[in-house]
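> Sequence:
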Amino acid sequence: MSAAGVPADDGAVEPVFTVMILPPQPRATDDLQASVIGVGGPLTFAWRKNGELLAGHNNARLPHLELVHGDLVSLVVAAHGREVSAETVIHNSPPKVTAVTCKVSSLNRGVNLEVEPLAEDADGDPVAFRFVWQVNDEELFGENGPVLSGGAFHKGDIIKLEVVPYDEEDEGDSFTNGLVYVAGNAPPRFVSSPPATFASMEYRYQARAIDPDDDDVRYELVAGPAGMTIDPVSGLVLWPIPVGVSVAEKVRIEARDAEGAGGYQEYLLQLKTAE
Numbered sequence: 360m361s362a363a364g365v366p367a368d369d370g371a372v373e374p375v376f377t378v379m380i381l382p383p384q385p386r387a388t389d390d391l392q393a394s395v396i397g398v399g400g401p402l403t404f405a406w407r408k409n410g411e412l413l414a415g416h417n418n419a420r421l422p423h424l425e426l427v428h429g430d431l432v433s434l435v436v437a438a439h440g441r442e443v444s445a446e447t448v449i450h451n452s453p454p455k456v457t458a459v460t461c462k463v464s465s466l467n468r469g470v471n472l473e474v475e476p477l478a479e480d481a482d483g484d485p486v487a488f489r490f491v492w493q494v495n496d497e498e499l500f501g502e503n504g505p506v507l508s509g510g511a512f513h514k515g516d517i518i519k520l521e522v523v524p525y526d527e528e529d530e531g532d533s534f535t536n537g538l539v540y541v542a543g544n545a546p547p548r549f550v551s552s553p554p555a556t557f558a559s560m561e562y563r564y565q566a567r568a569i570d571p572d573d574d575d576v577r578y579e580l581v582a583g584p585a586g587m588t589i590d591p592v593s594g595l596v597l598w599p600i601p602v603g604v605s606v607a608e609k610v611r612i613e614a615r616d617a618e619g620a621g622g623y624q625e626y627l628l629q630l631k632t633a634e
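Residue numbers for the sequence shown follow this note's numbering, so the first one is 360 and each next one is one higher.
Watch out, some of these pointers could steer you wrong.
Unchecked claim - Listed below are the simulated DSBU-like cross-link pairs for lysine-lysine, each with C-alpha atoms no more than 30 Å apart in a straight line: (1) K455 x K519; (2) K408 x K455; (3) K462 x K514; (4) K631 x K609; (5) K462 x K519.
No lab work stands behind these hints, which were simulated from the structure alone.
With the hints as extra help, turn the sequences into a complete structure.
As structure tokens, this is what we get:
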């Protein structure tokens, strides 16, 4: 607000000056600063918040600690017998992401990538988040939550994430710091189960493991009764059962891909045959 010069009693023109409150759209985290243009000499400042005089604040700066979202702040500046006023409203403070934690220790195809963001809001407003996922620099439309499906990427893919916080009025700055992930090699996993019963004198079990990356899988019999074998390519387990045998033995089968990543299956084989 500005005031025009008017004649004083002695015929002199009183000084004309303007007052502004900066920044133009302040938030609760901003100190307010009075900008006075067009007058010099001693000035007095009177700040008010929602109509109440802020005692002790009588200079050109008002600390933000006194202010919250929605407050109406007014200022009266007096100089040479004239008073000029200005006012402003404290605007909404957008939320800010402070950290994003990855909740997965080892990432590969088939494992969901889950993150947990933390944020702060100077006004104490509830904060929500929007998630923008990219795989090899291509945005995954429809994937806007904190969990990216383990089927959305493959071994060697580069995954990037952008987290955007928002409250009821505004979005905050997007957060990307450190949010780059590389999908590693996935180990094979067994999808078959050993037979519970069998009728012949030959134990047969078709072990089967699948590799999420579609890598070739080879099998190895690590533990089992004497004479038991496994086909390293097909995973077929065979054991000619001796007559009069009594067995309670651990069987352990491992499956590995070409990079050495592996899974295993372990079970107890119990058997007793007649003499």
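> Does each hint fit the structure? Answer for all of them.
For each hint, the structure was consulted:
no.: 1; hint: K455 x K519; result: holds (19 Å)
no.: 2; hint: K408 x K455; result: holds (26 Å)
no.: 3; hint: K462 x K514; result: holds (19 Å)
no.: 4; hint: K631 x K609; result: holds (15 Å)
no.: 5; hint: K462 x K519; result: holds (15 Å)
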